[in-house]
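Novice: In case you want the letters, here they are:
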Amino acid sequence: MKKFVLPFLFFISICSYSQNSPLTVIGNNNGVPEQLSMVALKSVMNGNQAKWSNGQKVVIALMKLTTDAGKSICSKIYGKTAAEITKHWLMVSMKGAIDAPVFFNTAADLQNFVVKTSGAIGVFSGSVTTSSAKTVLIDGKNTF
Amino acid sequence: MFIGVKTKILLTVLAIVLLFTIFSFYYFPAQQGKTLLTNYKSEVQNQAKTIALGASIALSEQNFKGLKTAMDFVKENEELKFVSLIQKDTVWNDGHTDFSIEENILSSFPENHSHQTDIATNDSIIVMKAPFSTDIMNGEIMLGVSTDSINVRKRKIRFTALLISTAIFLVGMLIGLWLSRNISHPVLALRKAAKRVGEGDLTSEVKSSSKDEIGELAIAFNNMVKDIKKLSDLTLHQEKEKQQLLASQNEALEKQVEERTSELRKSLEKLQSAQAQLVQAEKMASLGELTAGIAHEIQNPLNFVNNFSDLNTELLDELQEELQKGNTEDVQQLIKDLRENETKIVFHGKRADTIVKNMLQHSRSNSSGIKEETDINALVDEYLRLAYHGQRAKNKSFNAILKTDYDESIGKINILSQDIGRVVLNLLTNAFYIVNEKKEMNISQYDPTISVSTKRKDNFVEIRISDNGNGIPEKIVDKIFQPFFTTKPTGQGTGLGLSLSYDIIVKGHGGNLSVNTKEGEGTDFIIQLPYKS
Numbered sequence: 124m125k126k127f128v129l130p131f132l133f134f135i136s137i138c139s140y141s142q143n144s145p146l147t148v149i150g151n152n153n154g155v156p157e158q159l160s161m162v163a164l165k166s167v168m169n170g171n172q173a174k175w176s177n178g179q180k181v182v183i184a185l186m187k188l189t190t191d192a193g194k195s196i197c198s199k200i201y202g203k204t205a206a207e208i209t210k211h212w213l214m215v216s217m218k219g220a221i222d223a224p225v226f227f228n229t230a231a232d233l234q235n236f237v238v239k240t241s242g243a244i245g246v247f248s249g250s251v252t253t254s255s256a257k258t259v260l261i262d263g264k265n266t267f
Numbered sequence: 145m146f147i148g149v150k151t152k153i154l155l156t157v158l159a160i161v162l163l164f165t166i167f168s169f170y171y172f173p174a175q176q177g178k179t180l181l182t183n184y185k186s187e188v189q190n191q192a193k194t195i196a197l198g199a200s201i202a203l204s205e206q207n208f209k210g211l212k213t214a215m216d217f218v219k220e221n222e223e224l225k226f227v228s229l230i231q232k233d234t235v236w237n238d239g240h241t242d243f244s245i246e247e248n249i250l251s252s253f254p255e256n257h258s259h260q261t262d263i264a265t266n267d268s269i270i271v272m273k274a275p276f277s278t279d280i281m282n283g284e285i286m287l288g289v290s291t292d293s294i295n296v297r298k299r300k301i302r303f304t305a306l307l308i309s310t311a312i313f314l315v316g317m318l319i320g321l322w323l324s325r326n327i328s329h330p331v332l333a334l335r336k337a338a339k340r341v342g343e344g345d346l347t348s349e350v351k352s353s354s355k356d357e358i359g360e361l362a363i364a365f366n367n368m369v370k371d372i373k374k375l376s377d378l379t380l381h382q383e384k385e386k387q388q389l390l391a392s393q394n395e396a397l398e399k400q401v402e403e404r405t406s407e408l409r410k411s412l413e414k415l416q417s418a419q420a421q422l423v424q425a426e427k428m429a430s431l432g433e434l435t436a437g438i439a440h441e442i443q444n445p446l447n448f449v450n451n452f453s454d455l456n457t458e459l460l461d462e463l464q465e466e467l468q469k470g471n472t473e474d475v476q477q478l479i480k481d482l483r484e485n486e487t488k489i490v491f492h493g494k495r496a497d498t499i500v501k502n503m504l505q506h507s508r509s510n511s512s513g514i515k516e517e518t519d520i521n522a523l524v525d526e527y528l529r530l531a532y533h534g535q536r537a538k539n540k541s542f543n544a545i546l547k548t549d550y551d552e553s554i555g556k557i558n559i560l561s562q563d564i565g566r567v568v569l570n571l572l573t574n575a576f577y578i579v580n581e582k583k584e585m586n587i588s589q590y591d592p593t594i595s596v597s598t599k600r601k602d603n604f605v606e607i608r609i610s611d612n613g614n615g616i617p618e619k620i621v622d623k624i625f626q627p628f629f630t631t632k633p634t635g636q637g638t639g640l641g642l643s644l645s646y647d648i649i650v651k652g653h654g655g656n657l658s659v660n661t662k663e664g665e666g667t668d669f670i671i672q673l674p675y676k677s
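In order, the protein sequence lines correspond to chains L and S. Start counting the first sequence at 124; every next residue gets the next number (our numbering). Start counting the second sequence at 145; every next residue gets the next number (our numbering).
Chain L on its own, in the form it takes in the complex:
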């Protein structure tokens, strides 16, 4: 019995860790605010906001939902499964008003994209490796 329980508990713990990876939000220096509330972040992430206060178009960058960070994004920001998020963005993006998020396999690629794209805001798991992008505080925190 122990043979099965221990691996199962290990798997469960792994899974729960992956879904609870700390997420960091970074933003391009053009348009993206220094800090956001969780509610505001969720609103932006759901495509409810098309432009930043300076008029810059909102561009969302996310880790792929199949990655650990992606799964954490699913649970912490969207509270939905990857499929539900995909459907959501399919419905939203096809209308053409708001672009769908851009998904990345690595945090480095994501950070690099955010640095280079005006109005871009990215969510990933891990430390910030570039100084050109600013960390957006969520509810006053670097990570959540």
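Be a bit skeptical, because a hint or two may be false.
To be verified - Lysine-lysine pairs mimicking DSSO-like chemistry, simulated, CA-CA at most 30 Å apart:
{"id": "1", "chain 1": "L", "residue 1": "187", "chain 2": "S", "residue 2": "209"}
{"id": "2", "chain 1": "L", "residue 1": "203", "chain 2": "S", "residue 2": "232"}
{"id": "3", "chain 1": "S", "residue 1": "219", "chain 2": "S", "residue 2": "273"}
{"id": "4", "chain 1": "S", "residue 1": "651", "chain 2": "L", "residue 2": "165"}
{"id": "5", "chain 1": "L", "residue 1": "203", "chain 2": "S", "residue 2": "209"}
{"id": "6", "chain 1": "L", "residue 1": "180", "chain 2": "L", "residue 2": "257"}
{"id": "7", "chain 1": "S", "residue 1": "501", "chain 2": "L", "residue 2": "180"}
{"id": "8", "chain 1": "L", "residue 1": "180", "chain 2": "L", "residue 2": "264"}
{"id": "9", "chain 1": "L", "residue 1": "239", "chain 2": "L", "residue 2": "199"}
{"id": "10", "chain 1": "S", "residue 1": "209", "chain 2": "L", "residue 2": "165"}
{"id": "11", "chain 1": "S", "residue 1": "599", "chain 2": "S", "residue 2": "651"}
{"id": "12", "chain 1": "S", "residue 1": "232", "chain 2": "L", "residue 2": "187"}
Calculated directly from the structure, the hints in this document are not laboratory data.
Fit chain S to the given chain L structure using the hints.
Specialist: Positioned in the frame of chain L, the structure of chain S alone reads:
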């Protein structure tokens, strides 16, 4: 129903042209339309598949831009009615024992377009679906394209087909007219020429410039007509020669016929003369028979006259002697005897006179050829006696039993008495000849017997003359009435007796002369004379 070559050709060409027209106007556009639709459907399907593939890749990579790009691939299509991304979820029941597929349209372009997920292709729209499957979700791309452009292209094809059909029809009809003109005209010319040839015009010629079978036929026809004309001329020439030959032969034949006719006429005259002589001979033979009978009839009273005359001569001598003696009584007796003898002489003289007068009466009465009332019984009886005495005059030893049976109810009938008498005499003479011949055969207990009878029947009088001679052989009985047929030795018969008798009875009196005979037993000759002739 007569259908000319021209009509047949036109009908044939018309049928072919109509077939082509129908093909080009109906079948060809229909097939083109089908092909067009099939190709278009295939194209739409490929587009749907392309989008589905793009969606599959984009969803796997979570590259929504790629998906949008894939969707944009068809948005520029002017015929696009809609493009939809449909998500398919498997929905299980509470017990997780059964499931259903739930389809949701996640997105559509144009955005305001709404449709059901089960919309199908119809006349106005082509709907194609292409499935995709990713780890995140399964679904399909539904692409709806208008058929307007297809219909426009179909209309163009139909219009083009109409133009082509019209062109085919017109060209076909022109070809048909040309063909009918080029084929039927020479054929009709041939027919016309053939009719003229049939009517006897051998100068007919067909002019045909076509270098084909009809042209060859025209040449062959012309050659044939020339050959027929040659043959006809030759035949006419031969016919003329034949006619001339025939005419000359006819002329020669007519001459020969005339000559032969003349010869025949002469022969006929000779024959008629000979026949007249023969008839005369027969008459003379008959007269001989008659004369013998008459002589015997007259001889008898003459004998009485002569004997009583001789006796009276002797009595006159005795009377003279008795007168000289003065014996008055004897004289008176002798005168008495003389007177009696004289009475007998007168009686027998008158009898002879009566016989002669009767003969003369018969001969005179028939010389005119007019029939007169005659006592047939008396006539027959008279000729019976004449014939019998005639036979006895020729043969003193001849004797025969004569049986007569006359029907007294007959009375007088209208006949040529001399001719009928000659017939009766001829038949009786033959009968006496036959029985005499049989008697000379010394047959024991044979008594020559001749039976003569008359009988009145309903419309005719029958005279039957029978003998008990040897009869007539069966093989010659059919020939006895033929002229010049006789069984008597040469010189004793002319062979005309029965022939003339037949003519007298049948042709002269409208009666009948027949014979019943049995070989070895005897013969019956039956004369039937109409009662009122």
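Novice: Hint by hint, note whether the structure agrees.
Specialist: Results of checking the hints against the structure:
no. : hint            : verdict
1   : 187(L) x 209(S) : 14 Å, holds
2   : 203(L) x 232(S) : 18 Å, holds
3   : 219(S) x 273(S) : 16 Å, holds
4   : 651(S) x 165(L) : 164 Å, violated
5   : 203(L) x 209(S) : 21 Å, holds
6   : 180(L) x 257(L) : 17 Å, holds
7   : 501(S) x 180(L) : 190 Å, violated
8   : 180(L) x 264(L) : 24 Å, holds
9   : 239(L) x 199(L) : 26 Å, holds
10  : 209(S) x 165(L) : 21 Å, holds
11  : 599(S) x 651(S) : 22 Å, holds
12  : 232(S) x 187(L) : 22 Å, holds
Comparing the model with each numbered hint stated earlier shows that hints 4, 7 do not hold.
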